[in-house]
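One letter stands for each residue in the lines below.
2 protein chains.
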Amino acid sequence: MKKRLFTPGPISVPEEVLLEMAKPIIHHRTPEFLAIAEETFKSLKYFFQTENDVLILASSGTGAMEAAVVNTISPGDSAVVISAGKFGERFAELVKTYGGNVILHEPGWGNPADIKLIEKTLNENPSIKAVFATLVETSTGTIYDIESIGNTVARHPNAIFIVDAISGLGAVPCYTDKWGIDILVSGSQKALSLPPGLAFVSVSPKAWKRIEDTKTPRYYYDLRKYRKAATKFDFPYTMAVSLVIGLRKSLQIIQQETLEVLWERHRKRAEAVRNAAAAMGLSIFSRAPSDAVTAILLPEGIDGEKLCSEMRKSFGMSVAGGQDALRGKVVRISHFGWQDEFDTIAVLSALEVMLKRFGYPVNNGIGVKAAISVLFG
Amino acid sequence: MKKRLFTPGPISVPEEVLLEMAKPIIHHRTPEFLAIAEETFKSLKYFFQTENDVLILASSGTGAMEAAVVNTISPGDSAVVISAGKFGERFAELVKTYGGNVILHEPGWGNPADIKLIEKTLNENPSIKAVFATLVETSTGTIYDIESIGNTVARHPNAIFIVDAISGLGAVPCYTDKWGIDILVSGSQKALSLPPGLAFVSVSPKAWKRIEDTKTPRYYYDLRKYRKAATKFDFPYTMAVSLVIGLRKSLQIIQQETLEVLWERHRKRAEAVRNAAAAMGLSIFSRAPSDAVTAILLPEGIDGEKLCSEMRKSFGMSVAGGQDALRGKVVRISHFGWQDEFDTIAVLSALEVMLKRFGYPVNNGIGVKAAISVLFG
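Chains A and B, in that order, are what the protein sequence lines are.
Here the first sequence is numbered in the numbering used here, starting from 1 and rising by one per residue.
Here the second sequence is numbered in the numbering used here, starting from 378 and rising by one per residue.
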């Protein structure tokens, strides 16, 4: 059976990248690999839209989130964490784990942040050391207004702005420098169309100052070591070389296509899915839906876990169910990774057929029709 | 130019493993991947020679060393660290970083440990919580008598025994359970013949008890989360799926061949290199040379850094130079990874030719002759 991945990571990897990674391994401290690393470090700045250092870690995305926390939060430091889903909660857990004092901003799952309230919190607590936000909350498909939050944090010289863009970067616009993001975290298995195993962290000069002053012990995730090594396009510990080789290829493809074109493609695919859902009589869970991943609310009485499992078994289509409170209630479709318009049509037609099999009335092709109108006019 | 890797990681990866990893990505929470993970977790127990849990981390080997430390050492805890090279030093740095009190056992680079002295230290300090050792110290090519150290530690119920076997496991005999190793750490880019990016940690029941009591904060490397997920053949964070797929294949090859055969092959290749060095009038740096990696002392006046660089440029042969105090003074040849007897002969002939070009008198074929005698009788 042909397999298609619409899970919000891992995603499908282009054959040309898979084959690049299948080439014989080269040592990580050879001129050959250093040249690859040099090119990759430079292209990452474009991908991040930043002049800041962008560092590469051999780790899951969560490891890079941990790096953002242990390098900036000393025990007793206060930090605002915008938490409205599984990954916002993860930042809060991390800050607590390392002795930070978490001031939760909880608009509720699927809801945008209340920026005025965040501003008020910052004004009332000038000791706040950091604000943690998520660009796209994968668990709900919600996009956050990072630009406005960044502008707010920038008015507070004591606070740095840390953003988890693991699921968003490359799928939706994100301007690290223009938006005042001091630390941006991302991962390989999303819009970069790579296998999981690499994570990335950009660090602003303001954040480097904080990092020097932070008291929390750290070793593997001590970003100062990565910065030092990166000046020679090197890494402090043995790097996952095959993934970096894939990364270079993937960034080459993205630079050639340009981020603007990439974002527009995600926007269209996401709009196609939203319109298709509406045509099928279904709602989108999020009140601020992202173009990276869409969470569609399932009709009452349909078991989302079963539906996802059947989609995979019958059609080879991997879509994601809901997590925690949303378990069984939504189906999540990602728009990133190596997919095109016809993949979007394929997953929507599979969803139509499966909903019908689960007893929900769907006129054949009604969702697909709406999608085609968005995708091809 | 044809390229050959004799660096002590990363190493060459068999084509069949590279191609396995180049297959289309599958999601990490599908029945298909869970079946792969289940098989892999089981085979890892064979590879580790243990009934203990063996956990898989998306990380460099150093990350797994960090996991061994942050899960077992609380601030103020005392630990003996056997440190006679770069990687022993790394354990000492890690323990210090997280507030532990390091009791250094330093026999000197290239020298074996003094087990009676370790026993004395343990007897005099019943509060010692752990002993850290290295199976094969990559920086010097030295093997440590883990069995005897394990027997010693086992007589001290308060102490657990933690071994870095990143460079040794699969290359030389190592019986986790029989030798009383509570935590064994390894990595993918050595005898497993995989790209870097995965690390492994086995944990004994005695170590789990300690882990529950440890006060050091941890999140990404909290081994309890990995154990919980592993009961369902799952991972707490997005796993590097392509590397795990390669790992399954690599473990299948090893199980088919058996560890005993694998060890014997390493032993022969290492002996061939040692005898060849002797025939060329060169000494081995280590006083207890391992069969995983050999450090050959270079003649006075030959710049080892230059020699390694020329080996790569002229012959496509990657061998390693020395680190820190050994910089420029040794050439290190690994015996693990995807290599056979003829690769050993190839690297030795290249070394002969290059030494001659650097002005050291070598009769053509003198080292190779000694190697062939070991390899083929």
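By construction, these hints were calculated from the structure, which means they are not laboratory data.
We treat Cβ as the ideally placed atom computed from N, Cα and C, and that holds for glycine.
Mixed in with the good hints, there may be bad ones.
What the hints assert, rightly or not - Straight-line alpha carbon distances no greater than 25 Å define the calculated BS3-like cross-link-like pairs of lysine-lysine that follow: (1) B:K683 x A:K96; (2) A:K228 x B:K683; (3) B:K586 x B:K602; (4) A:K206 x A:K268; (5) A:K45 x A:K215; (6) B:K592 x A:K232.
Unchecked claim - Simulated restraints, written as ranges between beta carbons of each label pair: (7) B:N740 x A:P24: 26 to 36 Å; (8) B:K609 x A:E147: 48 to 58 Å; (9) A:Q255 x B:N535: 54 to 64 Å; (10) B:M378 x A:N101: 28 to 38 Å.
Evaluated hints:
no. : hint                        : in the structure
1   : B:K683 x A:K96              : 50 Å, violated
2   : A:K228 x B:K683             : 24 Å, holds
3   : B:K586 x B:K602             : 15 Å, holds
4   : A:K206 x A:K268             : 36 Å, violated
5   : A:K45 x A:K215              : 28 Å, violated
6   : B:K592 x A:K232             : 37 Å, violated
7   : B:N740 x A:P24: 26 to 36 Å  : 33 Å, holds
8   : B:K609 x A:E147: 48 to 58 Å : 40 Å, violated
9   : A:Q255 x B:N535: 54 to 64 Å : 57 Å, holds
10  : B:M378 x A:N101: 28 to 38 Å : 58 Å, violated
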